[in-house]
Amino acid sequence: MKRSALACVVLLLAGCASSVPPPSAPIPNPGRVSAPVSSQQAQVRFRQVASRIEPVAERECRRQTRGVNCDFLIRIDPNKNAPSNAYQSLSRSGRPVITMTQALTRNVSNTDELAFVMAHEAAHHIQGHLARRAQNAAAGAVLLAGLATIAGTGPNDIAAAQDLGAFVGGRSYSKNFELEADRLGTVIAYKAGYDPLKGALYFARVPDPGDRFLGTHPPNAQRYYAVQDVMAQIGR
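First residue of the sequence shown: 18, per our numbering; consecutive thereafter.
Since the hints were made in silico from the structure, they are not lab data. For each residue, glycine too, the CB sits at the ideal point set by N, CA and C. Heads up, a few of these hints could be off.
Said to hold, decoys possible - Calculated cross-link-like contacts (lysine to aspartate or glutamate; reagent style EDC-like; alpha-carbon spacing at most 16 Å):
hint, residue 1, residue 2
1, K208, E75
2, K208, E71
3, K215, D246
Unchecked claim - The following label-pair restraints were derived from C-beta to C-beta distances:
hint, residue 1, residue 2, range
4, V114, Q58, 20 to 26 Å
5, L147, P40, 23 to 29 Å
6, R109, Q65, 49 to 55 Å
7, L90, I167, 41 to 47 Å
8, G145, V223, 21 to 27 Å
9, R149, Q65, 28 to 34 Å
10, R64, S108, 19 to 25 Å
11, T82, R253, 31 to 37 Å
12, N173, S56, 25 to 31 Å
13, N96, Q58, 17 to 23 Å
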């Protein structure tokens, strides 16, 4: 009975983010894929895109936030073996860092795709997603640990409930965060002079995560719709 009650709470935590799936749109066929570029060509392309995205992202950050460090550092991961990925983090001093692996800089088909991915990661920082995810994880940990304590479980079960609550809480809004970053990233990429609709064709070439329970990313079709919707509002 105790485990059933905790399981119900887990389902409630996981489902509280959204009960109605966001709209989606079919992703157009990107057509002919560009030939792979060399590491040197990828680095040149990266620097060109970063030089345009960074000032726009910093202006958008200052416009939308107060008391937030908007001095972005956009870098390439020095690890040559790291798989294709991009992520946002904070340095020890609190400076926002956008990291792209060398594999990703080579795998994107064009500057529009690279700019969209870069702008998406900048949007995560502007929208405070790291802090919001940590808050959700902490709330989930406290809730499940508290319920386990009330239920009279032992120390090991309470600790396990706390870990589970942190995991579920941290993921409960992850898909929403990704869609939020896609929407703001679209604005940043567009203001930097890139075509977000072309950039979002990146979703046609990467694995689709689908709508998995407790997944971190929404289906690619939902993400493409978000870009399409923002561009329609812009008038493009």
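- Is it true that R149 and Q65 lie within 28 to 34 Å of each other by Cβ? holds, 32 Å
- At the C-beta level, are R109 and Q65 separated by a distance inside 49 to 55 Å? violated, 29 Å
- Message: With the threshold set at 16 Å, check whether the alpha-carbon distance from K208 to E75 stays at or below it.
- Response: Given that 16 Å is the threshold and the Cα spacing comes to 12 Å, the pair holds.
- Message: Does the beta carbon distance between G145 and V223 stay inside 21 to 27 Å, or does it fall outside?
- Response: At roughly 26 Å between Cβ atoms, V223 and G145 fall inside 21 to 27 Å, so the hint holds.
- Query: Do the Cβ positions of T82 and R253 conform to the proposed distance bound of 31 to 37 Å?
  - Reply: violated, 26 Å
- Query: Are the Cα atoms of K215 and D246 separated by 16 Å or less?
  - Reply: holds, 14 Å
- Is 19 to 25 Å a correct range for the gap between the Cβ atoms of R64 and S108? holds, 20 Å
- Beta-carbon spacing of V114 to Q58 - inside the hinted bounds 20 to 26 Å or not: holds, 24 Å
- Go ahead and decide if the range 25 to 31 Å is satisfied by the Cβ distance of N173 to S56. violated, 49 Å
- Task: Using the Cβ atoms, figure out if L90 sits within 41 to 47 Å of I167.
- Result: Between L90 and I167, where Cβ atoms are some 45 Å apart, the hint holds.
- Task: Kindly confirm whether 23 to 29 Å is satisfied by the beta carbon distance between L147 and P40.
- Result: holds, 27 Å
- Message: Need the status of pair K208, E71: alpha-carbon distance at most 16 Å?
- Response: Judged against 16 Å, a Cα distance of about 11 Å means the pair holds.
Going through the hint list in order, the structure does not satisfy hints 6, 11 and 12.
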